[in-house]
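Enquirer: Using the sequences plus the hints, can you model the full thing?
There are 2 protein chains.
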Amino acid sequence: MTDSPAHPGVDLRALSDRRTARLTGWMADAGLDHLVLTGPDHIRYATGHRAQLVSEGVDWYAAIVGADGEAEVFVPFTDTDVPEPGPALPRLRRLRPAPSWAPAACQPGQWARSLATALSTRHARRVGYDALDAGILHDVAADLPGTRFRPCAADLFALRAVKDPLEIALVEAACRINAAALDLAVDSADIGTRDHDLLAVAAAHQHRLGAEFLTHSVCNVRKGSGGWFADGAPLKEGEPFFLDIGCHGPGGYASDAARTGFVGEPPAGIARAWQQLLTAYQEGQDAARPGVRCSVIHETINACLARHKLPVTPYGTGHGVGLRCCELPSINAAGRMDSDAVLRPGHVIALEPETAVDHHGTLFVLKIEDNFAVTETGLRRLTHHTRA
Amino acid sequence: MTDSPAHPGVDLRALSDRRTARLTGWMADAGLDHLVLTGPDHIRYATGHRAQLVSEGVDWYAAIVGADGEAEVFVPFTDTDVPEPGPALPRLRRLRPAPSWAPAACQPGQWARSLATALSTRHARRVGYDALDAGILHDVAADLPGTRFRPCAADLFALRAVKDPLEIALVEAACRINAAALDLAVDSADIGTRDHDLLAVAAAHQHRLGAEFLTHSVCNVRKGSGGWFADGAPLKEGEPFFLDIGCHGPGGYASDAARTGFVGEPPAGIARAWQQLLTAYQEGQDAARPGVRCSVIHETINACLARHKLPVTPYGTGHGVGLRCCELPSINAAGRMDSDAVLRPGHVIALEPETAVDHHGTLFVLKIEDNFAVTETGLRRLTHHTRA
Numbered sequence: 001m002t003d004s005p006a007h008p009g010v011d012l013r014a015l016s017d018r019r020t021a022r023l024t025g026w027m028a029d030a031g032l033d034h035l036v037l038t039g040p041d042h043i044r045y046a047t048g049h050r051a052q053l054v055s056e057g058v059d060w061y062a063a064i065v066g067a068d069g070e071a072e073v074f075v076p077f078t079d080t081d082v083p084e085p086g087p088a089l090p091r092l093r094r095l096r097p098a099p100s101w102a103p104a105a106c107q108p109g110q111w112a113r114s115l116a117t118a119l120s121t122r123h124a125r126r127v128g129y130d131a132l133d134a135g136i137l138h139d140v141a142a143d144l145p146g147t148r149f150r151p152c153a154a155d156l157f158a159l160r161a162v163k164d165p166l167e168i169a170l171v172e173a174a175c176r177i178n179a180a181a182l183d184l185a186v187d188s189a190d191i192g193t194r195d196h197d198l199l200a201v202a203a204a205h206q207h208r209l210g211a212e213f214l215t216h217s218v219c220n221v222r223k224g225s226g227g228w229f230a231d232g233a234p235l236k237e238g239e240p241f242f243l244d245i246g247c248h249g250p251g252g253y254a255s256d257a258a259r260t261g262f263v264g265e266p267p268a269g270i271a272r273a274w275q276q277l278l279t280a281y282q283e284g285q286d287a288a289r290p291g292v293r294c295s296v297i298h299e300t301i302n303a304c305l306a307r308h309k310l311p312v313t314p315y316g317t318g319h320g321v322g323l324r325c326c327e328l329p330s331i332n333a334a335g336r337m338d339s340d341a342v343l344r345p346g347h348v349i350a351l352e353p354e355t356a357v358d359h360h361g362t363l364f365v366l367k368i369e370d371n372f373a374v375t376e377t378g379l380r381r382l383t384h385h386t387r388a
Numbered sequence: 001m002t003d004s005p006a007h008p009g010v011d012l013r014a015l016s017d018r019r020t021a022r023l024t025g026w027m028a029d030a031g032l033d034h035l036v037l038t039g040p041d042h043i044r045y046a047t048g049h050r051a052q053l054v055s056e057g058v059d060w061y062a063a064i065v066g067a068d069g070e071a072e073v074f075v076p077f078t079d080t081d082v083p084e085p086g087p088a089l090p091r092l093r094r095l096r097p098a099p100s101w102a103p104a105a106c107q108p109g110q111w112a113r114s115l116a117t118a119l120s121t122r123h124a125r126r127v128g129y130d131a132l133d134a135g136i137l138h139d140v141a142a143d144l145p146g147t148r149f150r151p152c153a154a155d156l157f158a159l160r161a162v163k164d165p166l167e168i169a170l171v172e173a174a175c176r177i178n179a180a181a182l183d184l185a186v187d188s189a190d191i192g193t194r195d196h197d198l199l200a201v202a203a204a205h206q207h208r209l210g211a212e213f214l215t216h217s218v219c220n221v222r223k224g225s226g227g228w229f230a231d232g233a234p235l236k237e238g239e240p241f242f243l244d245i246g247c248h249g250p251g252g253y254a255s256d257a258a259r260t261g262f263v264g265e266p267p268a269g270i271a272r273a274w275q276q277l278l279t280a281y282q283e284g285q286d287a288a289r290p291g292v293r294c295s296v297i298h299e300t301i302n303a304c305l306a307r308h309k310l311p312v313t314p315y316g317t318g319h320g321v322g323l324r325c326c327e328l329p330s331i332n333a334a335g336r337m338d339s340d341a342v343l344r345p346g347h348v349i350a351l352e353p354e355t356a357v358d359h360h361g362t363l364f365v366l367k368i369e370d371n372f373a374v375t376e377t378g379l380r381r382l383t384h385h386t387r388a
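Chain order of the listed sequences is E and S.
Residue numbering for the first sequence follows the UniProt record's numbering, starting at 1 and increasing by one per position.
Residue numbering for the second sequence follows the UniProt record's numbering, starting at 1 and increasing by one per position.
A couple of the hints might just be wrong.
No copy is singled out in the list; a pair is fine if it fits within one copy or between any two copies.
Using 20 Å as the maximum straight-line C-alpha spacing, the simulated DMTMM-like pairs for lysine to aspartate or glutamate come out as follows [unchecked claim]:
id	residue 1	residue 2
1	K223	E84
2	K223	D79
3	K223	D81
4	K309	D79
5	K236	D187
6	K223	E237
7	K309	E283
8	K236	D358
Hints listed in this document are in silico derivations from the structure and should not be mistaken for laboratory results.
Expert: Encoded structure:
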């Protein structure tokens, strides 16, 4: 996998070693001897195993990770134990059968028995979990009265928020796929092109360029804010539209980006609002430096929009990007976040301001989104586009 | 939305009434005065609101549903309360702001406060939840000592397993999209075509034909069992490959289907194994009648494969299909399921047998999958293909 054109030069074995060192170091600090992980991103981080098979399969797999970083993973696709399943994944020691093709909560007895048995065999005493179903957790804990369980999803996302340079290289590889697909889709727009057609071009190119998984396919044509979904609407002369798409690239790291396109020349009012959105976007990027609180970036963008008498972005203007498309740090109003994180070098973020403009009674939403690595001096863009 | 070519004649208002009658009837029987729902499929079922924005956004939204079926939904895309947000969704009375673009467990304080306040205002006493994060649940429950919470995901999936005829019509509409995309992708295969190219054709057509959301894009070219993922492998003369793709159609109902294709004429041993898989598949379909236990279907398929000295399907050979791609009933070995359900009219299922055959030292996996409605007399196929 190391010589794929999509992630040239990334030594996945070295990345695995670094991730494991960070994870097991954190486990030691937190006093945890085991983790039970069900999130495909956490499983990938800890074991390298790819558990993102279908969008809804968020709890079809479970990894049990020991204090030494060695792991076993319950998977839906085998009926026997598989020892040493991946020579490229040295810490993944065993695959074990799990129920197939249903949310874990549909088979709580199966899951509770399997997890309790595995944890008991390992003499687990202090176990962190990311997203284990509450009912299953209750049953596992009842089976293991001497074992303590505690939620650790927020800690794991915080741990993963600051990326290793190899991780940033993989996000950048995903960004190359995603940005190219986005540009091709925007360039394909013409009068009469439907939102579905734009998404078709984008998805096809994400696959052709080697994406692992397509995360979302949003297209807004004459919908208001919150109008994320294509419904067959055809493009009209002079109108703006936006696309917001994402994918995981090889290695499982994601990209999340958006572009506003125009069919022909937009009316002056729309063109002016678009330039003002770009100004707000640039001010947000300029504000995004190490040491700045995330809410400051958010307020900078929205203050600029308000100054131009445009609607502010009615949601968080940014988020982390990594093995999940949307992870920590959140970039939002301070009142909408548990913690207003300080931006640090190694954070990888998406910024995604939105505004809207009325034209002859129709509200057009304008949006842009790129991904950036935070460096010692500011932002380095990871999504390179051929258009503004 | 009712006159979309993808779901002709489906009266979504009538469907909403029927779903609400079923849901509130079940709540009354279960003694629940409220539900807290985070699964996009459960939210759609209860409110009509579309909460599937991105693959990982499984807990970005939360619906609170009262005993009368009226609901409010916390959403990531607004900074103010939105009363009566959808004239087409009469039971959805209000949208409320939630944290944006991160797993709920990253903002447990925000979520716990919002949910506890809403439940307290409604004087909720007995609350069912589908998949609320265990840590957030703990904090909400601590805030509301007089309120009892209980997990109800398995009950909700069981409730939804038997479909209304309008739901079956929507699954069939999704199947039209998915089967057509699959056929076009298989037909595009030629020597040198890469797995990524096949998936590109499939995804583009799913979008062009009006899919709401793409759930998975699996392609196996010369991988063993469990080799779900494209990696750029080119097709070779005489070789089989398989595609397994899914999508949600308009209305949010899913289709999940798979096809094995051949580049040119397969060698005799592979062709024979393929015919034997089709025989096993047909025997499974013939066994799938109301009153039969799901494990019997599974064992029928695998017994036929074993009789032909082929590897059995190493996972569940089927599952329900509805607002999730994979839901109840599970069709698997009795020992891999909490409950070995009896097949009933109105169930909608996928059957997906797999086998494998060695050819000159390479293991080729053969797979097929269609969706079926269970009628009084047996199965009615919902995925219509132009090829066998």
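Enquirer: Each of the hints needs a verdict: does it hold here or not?
Expert: Verification of the hints:
Taking the shortest Cα distances, K223 and E84 sit within 20 Å of each other only across copies (17 Å), while inside one copy they are farther apart (51 Å). For a Cα distance limit of 20 Å, the shortest separation of K223 from D79 across copies, 18 Å, qualifies, whereas the shortest one inside one copy, 48 Å, does not. Taking the shortest alpha-carbon separations for K223 and D81, only the inter-copy value of 19 Å comes in at or below 20 Å, while the best intra-copy value is 50 Å. Taking CA atoms no more than 20 Å apart as the test, K309 paired with D79 passes between copies only; the shortest distance there is 17 Å, against 61 Å inside one copy.
Within a single copy, K236 and D187 get their C-alpha atoms as close as 15 Å, which meets the 20 Å cut-off; across copies the closest is 34 Å, which misses it. Taking the closest pair of Cα atoms, K223 and E237 come within 20 Å of each other only inside a single copy of the chain (16 Å); across copies the shortest separation is 48 Å, beyond that limit. Taking CA atoms no more than 20 Å apart as the test, K309 paired with E283 passes inside one copy only; the shortest distance there is 16 Å, against 67 Å between copies. Taking the shortest Cα distances, K236 and D358 sit within 20 Å of each other inside one copy (16 Å), while across copies they are farther apart (55 Å).
Taken one by one, the earlier hints all hold for this structure without exception.
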